[in-house]
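S.K.: Chains as they are written, first to last, in the working numbering: chain G, 1 to 293; chain A, 1001 to 1278.
In short, the hints are calculated from the structure, not lab data.
Errors might be hidden in some of the hints.
[As the list claims (entries may be wrong)] Below, in silico cross-link-like pairs of lysine-lysine (DSSO-like), each with a Cα-Cα straight-line distance of 27 Å or less:
1) K1096/A x K209/G
2) K1226/A x K1136/A
3) K209/G x K287/G
4) K1095/A x K28/G
5) K1136/A x K287/G
6) K28/G x K1096/A
7) K278/G x K1136/A
8) K287/G x K1096/A
9) K1095/A x K278/G
10) K1136/A x K1063/A
11) K195/G x K108/G
12) K195/G x K209/G
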Amino acid sequence: MADIAANTQARHHTAAEAKHLTEPPVVKWILISVAVLFIGLMVILPLITVLTQAFSKGLDVYLAAIRDPDALAALRLTIMTALIAVPLNTLFGLAAAWAITKFRFRGKQVLVTLIDLPFAVSPVISGLIFVLLFGAQGLIGPWLIEHNIKIIFAVPGIIIATMFVTFPFVARELIPLMETQGVQDEEAAVSLGAKGWRVFFKVTLPNIKWGLLYGMILCNARAMGEFGAVSVVSGHIRGETNTLPLHIEILYNEYQFAASFAVSSLLMLLAVITLVLKSLLESRMEKQLSGKD
Amino acid sequence: MMRGKRRTKSILPGFSLTMGFVVLYLSLLVLIPLAALVIKSAELSPREFWDAVTAPRVLASYKISLLTSLCAALVNLVFGLLLAWVLVRYRFPGKKIIDGLIDLPFALPTAVAGISLTTLYAPNGWIGSLMPEGVKIAYTPLGITIALIFIGLPFVVRTVQPVLQDLEADVEEAAAMLGAYRWRIFTRVILPELIPPLLTGFALAFARGIGEYGSVVFIAGNMPMKTEIAPLLIVTKLEQFEYAQAAAIAVVLLIISFVLLLIINFLQRWSNRRLRSG
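One chain only, chain A, in its complex shape (with noise of 0.2 Å):
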């Protein structure tokens, strides 16, 4: 850990006490136990670990994770899109509330929302009982992503929002004044500055999608080969006290993840130097 010894002297006090209560927070907390992840795996030989994340139930469990994750990101950076701009550009009644909403998603209990969703989306339920026969959305994929759809919901909407609020009127008005079309002012002059936020949204509602647990495991019916998620799986080696194998799937999961993060540091770096030099 650098611990600054090349700081510019500073009249402020404070410093070592603030960085050694940080650094020794973070290392008990966070840093040791995440190793604790890549050691207990370690005890896996490199075959066994290849085993263990190969098996065909644990890439079934991956694939369904990542494509239900992926179509409920998509929904929402659609539905996102929408719902930024209508709060930042309309006013109407109940707008408040809307945009207060948005939000729940992060508020409410996994858990709560979990039984809620399932009892909505069940064959019994309000939404699901007005399926046709042979349709049913509970305890199949579809409904894994309507979980993650409620999971991300608020991502896409916050990332565009600031940056629409901040988008300069007067590109839009030259725009206008040349003629341009309402539709191709929103497709050749704001939604190429709508980008980087949104993929960023997206990004993060994709990867929150991909560790999500307590929304879906209700809602999932959690079926092997089926309709198992790959946090799931983990709980269900964990109970067989298959550690090492719970440890090797769950490093598989945290690469995914990270390589998400990365991705969206880039993004992010990649907007903000847009927004400067806009």
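The shape of chain G in the complex, shown without the other chains (with noise of 0.2 Å):
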């Protein structure tokens, strides 16, 4: 942890803390003061509100929230939908930043704003569109009811919708990384006589692998916690088509707020350790990055 400290405040120092260019310490301490209250404000008190309310009924009411059979099968459902989403597109994004910045081809702008499309569709939308594409009244859904697959307020449904809002993560992570790696490691390797696979494992995922990392776990943090589309292609059936996050809403609309509170800090753990990861990582991919210049 020391390490990783005191190279950030390497980074954060900068040139610009010569006297002459630096604010009165009273302004300095309103503007740090104001940050801080600001954050404290938006970001520290909903976190509070979570484990307060979430206790608020005791261990008990705390524990049997969380031991209930239709949250388990929420928590089985959201592990499953991300241990079919991540891999798939970890898969993809490593093959489109393989084709992207390894070769040169026409269209290739293209290409990299079509992959960054899903985060510009409102969850809702990205939702709607396998509606109308699997549903009932939808474009191929009375072919699918006539050969009796269900897609749509069914399992299939939620890991597609899913897939969908998670599908650029990997891939925008690892597009700049290796671009500014180049293909000189690469085509020395091939040179000496590597096939194709040997130069990936061996050369290009040493390279990468702490990116790749981060990608997958930003991938796996939107996943788990997708509520806007899953919602929609979800059907909400208790126990069969409900992921956490809309396990959370079913309590809450019920009233039942300890109970949906103590979900909630599930998911906020997730989202901790996330965090935590990430700033790990950062530093990681920081010292490899300044270990090669």
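Both chains are sitting in their own frames, so use the hints and assemble them into the complex.
M.R.: Put into structure tokens, the structure is as follows:
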């Protein structure tokens, strides 16, 4: 931990620390106080609220809410969804980054823009498009009904909608990273006689491992926490098509506030773990980059 | 789709494999489903489409979504600049934690943020109960704005921070040598450099706010004409099985998002050019 702190200290230590280039201490401390107050009000207070509300009816209610069969079913579905969506989107991200950064071809910029597309689409619309495609009145809905395949208001719909909203995460992390690393390492390996997969596993992967992990962690956080898109396609069937965020909504709307916040505390823990891993990986990546320079 | 027929020869393997997979995956998961939206809304005649997207309730929802997103993005513009400034320029205890917490709105599921903010700002909540008689935050447009401030918080900070970090100190130093006051240096030397990232962050927060759903539905109260946001209206239409109408509202919302995306791309290119020439 200490070296990471030192690392960021060095990063933040700009030349502008000279006396005539900083504000008077009074101004400085007022600015810091306002900034800290804003974060306290907008970010820290909501976190505290989750915890106090979760335990407001005591530990028994908290544990009961988490051990409830419907909550456990929702937890299982959330984990299963992430276990499918994250690896598939990781595979896509790797393929996209390889094609885009190692080769030159026409339409590259269009491809990069298209990959970012799901980020520009409202979560609700991300769910809607799959209802319009697979729903009973959807474009291929009648065919699906004929063949007894259920996608909307069922688990496949939840997984597909989650894949859509988490689609760009890994690719958009890897593309700039592999862009800066260039192709020399790989070309050297190939001219020394290494074959395709070997080049990837022995040369490329070690160079991008932290960035890859970073993208996967962000992808996972979104996959487990997605609400809007999943809500549209789920049908909210308890114990069957409810993910954790949807389970929280149901409990909240039934005025079971303590239980709702108890389940929320699990997702809050996920968010905190994500942030910690994220900042650890950021300093790892910084070290790797500076080690190369 | 352009398949790179004109690519320059590379000795690296795997182009057809990766490119084929990328185009297939992208088409199946993103392009075809998005096309379904356009096809479905085309089931309406132009007249019906126009009526669907200009119904008073629909127009009211666009107005609420746009106005609350705009207000939230403006608040984030000011506080985002302040946070970026404080985090780059000063050292203080707890700075590392504050820096990490900036990203919380990206990591915290929106439903959790939604119920937590609602509880805080409801009339009997910690903050809601502090309000003077008659002032309500939750279940009003003000509540929607608060939720959108939370959701959009990281954008301006994270776009401004790196630019502020890389700002050359010598220009500032020269200005100080010439006797310029700190405030004058800030407005004349530093701020102009920060305008492209500020605008990018603002547009990103604005675009995110227009589409946001999870954190808003709980705090909004969802009264038609008053606190009903456009994404919620899409859900309502879906629940009434008015698929084509839902698609029409969504198409308009998407067009707004894409226009913003274009503006963001333009701003980023502008800012890159400036950085390179500067």
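S.K.: Determine for every hint whether it applies to the structure shown.
M.R.: Quick rundown of the hints versus the structure:
1. K1096/A x K209/G: Status holds; Cα separation ~24 Å.
2. K1226/A x K1136/A: holds, 14 Å
3. K209/G x K287/G: holds, 13 Å
4. K1095/A x K28/G: holds, 14 Å
5. K1136/A x K287/G: violated, 49 Å
6. K28/G x K1096/A: Holds, at roughly 17 Å.
7. K278/G x K1136/A: violated, 37 Å
8. K287/G x K1096/A: holds, 17 Å
9. K1095/A x K278/G: holds, 16 Å
10. K1136/A x K1063/A: This hinted pair holds, its Cα atoms lying about 20 Å apart.
11. K195/G x K108/G: holds, 25 Å
12. K195/G x K209/G: Distance ~20 Å between K195/G and K209/G Cα, so the pair holds.
The structure fails hints 5 and 7 (numbered hints given earlier, in ascending order).
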